[in-house]
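Protein chains: 2
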Amino acid sequence: MRLLILGCGNVGRRLALALATGVPGLGGTDVVGVCTRRHGALINPGGIDLASIAAPGAVPPWSPGHPDSTELDSATAVSTLDFDVLVELSILSISARGEPAASYVRRALERGRHVVTANKGPLAFHGRRLLELAHANGVRLLFESTVMDGTPVFSLVREGLRGCRVTSVEGILNSTSGLVLDALERGAAMEAAIRAAQQAGFAEADPTHDLEGWDSAAKLAVMANAWMGADLSPLDVSRRGILEISVQEAQGARDRNRTWKLVCRAGIESGVVRASVKPTLLPREDPLAACGPTDCILTIGTDCLSPFAIRQFEPGLADTAYGVLNDLLTIADARE
Amino acid sequence: MRLLILGCGNVGRRLALALATGVPGLGGTDVVGVCTRRHGALINPGGIDLASIAAPGAVPPWSPGHPDSTELDSATAVSTLDFDVLVELSILSISARGEPAASYVRRALERGRHVVTANKGPLAFHGRRLLELAHANGVRLLFESTVMDGTPVFSLVREGLRGCRVTSVEGILNSTSGLVLDALERGAAMEAAIRAAQQAGFAEADPTHDLEGWDSAAKLAVMANAWMGADLSPLDVSRRGILEISVQEAQGARDRNRTWKLVCRAGIESGVVRASVKPTLLPREDPLAACGPTDCILTIGTDCLSPFAIRQFEPGLADTAYGVLNDLLTIADARE
Numbered sequence: 024m025r026l027l028i029l030g031c032g033n034v035g036r037r038l039a040l041a042l043a044t045g046v047p048g049l050g051g052t053d054v055v056g057v058c059t060r061r062h063g064a065l066i067n068p069g070g071i072d073l074a075s076i077a078a079p080g081a082v083p084p085w086s087p088g089h090p091d092s093t094e095l096d097s098a099t100a101v102s103t104l105d106f107d108v109l110v111e112l113s114i115l116s117i118s119a120r121g122e123p124a125a126s127y128v129r130r131a132l133e134r135g136r137h138v139v140t141a142n143k144g145p146l147a148f149h150g151r152r153l154l155e156l157a158h159a160n161g162v163r164l165l166f167e168s169t170v171m172d173g174t175p176v177f178s179l180v181r182e183g184l185r186g187c188r189v190t191s192v193e194g195i196l197n198s199t200s201g202l203v204l205d206a207l208e209r210g211a212a213m214e215a216a217i218r219a220a221q222q223a224g225f226a227e228a229d230p231t232h233d234l235e236g237w238d239s240a241a242k243l244a245v246m247a248n249a250w251m252g253a254d255l256s257p258l259d260v261s262r263r264g265i266l267e268i269s270v271q272e273a274q275g276a277r278d279r280n281r282t283w284k285l286v287c288r289a290g291i292e293s294g295v296v297r298a299s300v301k302p303t304l305l306p307r308e309d310p311l312a313a314c315g316p317t318d319c320i321l322t323i324g325t326d327c328l329s330p331f332a333i334r335q336f337e338p339g340l341a342d343t344a345y346g347v348l349n350d351l352l353t354i355a356d357a358r359e
Numbered sequence: 024m025r026l027l028i029l030g031c032g033n034v035g036r037r038l039a040l041a042l043a044t045g046v047p048g049l050g051g052t053d054v055v056g057v058c059t060r061r062h063g064a065l066i067n068p069g070g071i072d073l074a075s076i077a078a079p080g081a082v083p084p085w086s087p088g089h090p091d092s093t094e095l096d097s098a099t100a101v102s103t104l105d106f107d108v109l110v111e112l113s114i115l116s117i118s119a120r121g122e123p124a125a126s127y128v129r130r131a132l133e134r135g136r137h138v139v140t141a142n143k144g145p146l147a148f149h150g151r152r153l154l155e156l157a158h159a160n161g162v163r164l165l166f167e168s169t170v171m172d173g174t175p176v177f178s179l180v181r182e183g184l185r186g187c188r189v190t191s192v193e194g195i196l197n198s199t200s201g202l203v204l205d206a207l208e209r210g211a212a213m214e215a216a217i218r219a220a221q222q223a224g225f226a227e228a229d230p231t232h233d234l235e236g237w238d239s240a241a242k243l244a245v246m247a248n249a250w251m252g253a254d255l256s257p258l259d260v261s262r263r264g265i266l267e268i269s270v271q272e273a274q275g276a277r278d279r280n281r282t283w284k285l286v287c288r289a290g291i292e293s294g295v296v297r298a299s300v301k302p303t304l305l306p307r308e309d310p311l312a313a314c315g316p317t318d319c320i321l322t323i324g325t326d327c328l329s330p331f332a333i334r335q336f337e338p339g340l341a342d343t344a345y346g347v348l349n350d351l352l353t354i355a356d357a358r359e
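Those sequence lines, one after another, are chains A and B. Residues in the first sequence are numbered from 24 upward in steps of one, following our numbering. Residues in the second sequence are numbered from 24 upward in steps of one, following our numbering.
The following block holds chain A by itself, in its conformation from the complex (with noise of 0.2 Å):
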């Protein structure tokens, strides 16, 4: 199987460390192409080294002397290379409206390609799109790692709940939100809560976009659109993000034995997916509150069977890159 990755940061390098130490299930599998958005790209269509991708310190731009370093960009190699999956790792961008990661997405699915996409762009914006693209040309696309990274939620409704319809999702899905409402309820400042949670490793250089509800709005558009039939945008989410909050709003919670997470809820009413995100001051009883800072949980809901939630304990990096393996092995398992 030939692989064309676009992006190589934490989650590339891992999946090049990880391709390169041997997965069961992927021998054979070439990475033909790493292109970056500002930092160059290789190509080779017998295989890149991949130590040179994985390597710790081998981070892009490669140095030219690479003898697969080449001009090519994106855009180009998704339309022109030999390929079987584009695998799409790039960083989600609101302001662009998931471009350019929906065009090389779609680019990849009329060209007969399968994808897998741990970015959620392309499906938060063009879900619906997409995923009849990727139909009607009989190819996969695959997209675990968008929500909860690695742990099994999209895998878990298409294979574990055939023949549902899936009516309702509740959760808590971002963890710098979970680190800097838990900071504030034990009476820190904003800034220093955020400067904190940038510390743990969790929060971005430019944290807004998880704390104004972008992160959790994209996350919600990809169930949408994938799981009822919805035409979302990020756009279309009623959101809130937690900046709004005083410390002394916190910790009141806290005193009355009540808990701020950031609650993203989508459901149908009337025919119509309405989704929202909002901090949401929840009984410590209820069982989203049971959720810790840094964790993430999922409630689902469906015409077939009682309600169930899915709960990530301490996310990191690796699972995002697993969530993306998992893909790969859907793909070449179905290709035996």
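Since the hints were made in silico from the structure, they are not lab data. Just so you know, even glycine gets a beta-carbon here, dropped at the ideal spot from N, CA and C.
Chain B residues, not near chain A, derived (Cβ > 10 Å throughout):
| hint | residue |
| --- | --- |
| 1 | G32 |
| 2 | G51 |
| 3 | V82 |
| 4 | P84 |
| 5 | E122 |
| 6 | R129 |
| 7 | P230 |
| 8 | D254 |
| 9 | V286 |
| 10 | P306 |
To spell it out: a stretch of chain B is covered by chain A in this simulated footprint if at least three of its residues, at any positions, have a beta carbon under 8 Å from a beta carbon of chain A; those stretches are:
| hint | stretch |
| --- | --- |
| 11 | 34 to 48 |
| 12 | 178 to 188 |
| 13 | 326 to 337 |
| 14 | 347 to 355 |
Following the hints, put chain B in place on chain A, whose structure we already have.
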């Protein structure tokens, strides 16, 4: 697809009702036989009229005047009838070590037929050999409903944890015990607590099977055999039930902000799979303690990603029937 169903209790009747109503993806599915242990059988190679199984009040024994009524026993049916999938829905027998169900499952697999079982016995007592037999004969042996009813557990591990090794499971898997422990904590005597669980429709007429931990031990054995390559039986599980807990102990827990749960654990220690069921006094903040009296929860640890838990809220009989349907859909989809 032609089904031979063994057992016709609540789950079998609900399954028949679903098939009679029509399940997308299972069109063209016929039930060619329904055999009960003591209440006769119906056989019709052209497909039994499902209304005669599913109609309210149509519980076996069926009228001898039923056009499909026969004296054929289960063993002969499994060995001689022409069917594609054996659906084993009879009751677990610990004293008979999973028999006769295990032999029926073995015989069907030997004949190259797929098997779906909601009965824990075959997998709990002979999981490893039966799974090897299914593999050797190129057929599926599926058992989603054996743990947490139809909540996706086995399909989750099968499809969502490709390439992972399950290294530990921990959970609360028996609603009757949960309900009784909750009543004890509230001050009820053991007998009254059991009666209340029976009235709530959870406990069986003879609830010792649940209260002595056999149901939990069987579920642990199924998971250990399916996921950890173990060759355990419920008799190998270190087991204590809840009958020895006194009201004093139970009430005392609540005063100390703790709660009793019948906790199941299995894990690999020095290469050996060990499993235990025992009443455990948990701090309220323990993830397992958050589970309501009738809820089930299962935490899964792997070598690939952070541990995660799946929690089922207020399970019902419909869930068990759905798990069987999901297994049948899995087989039907692969036959296409």
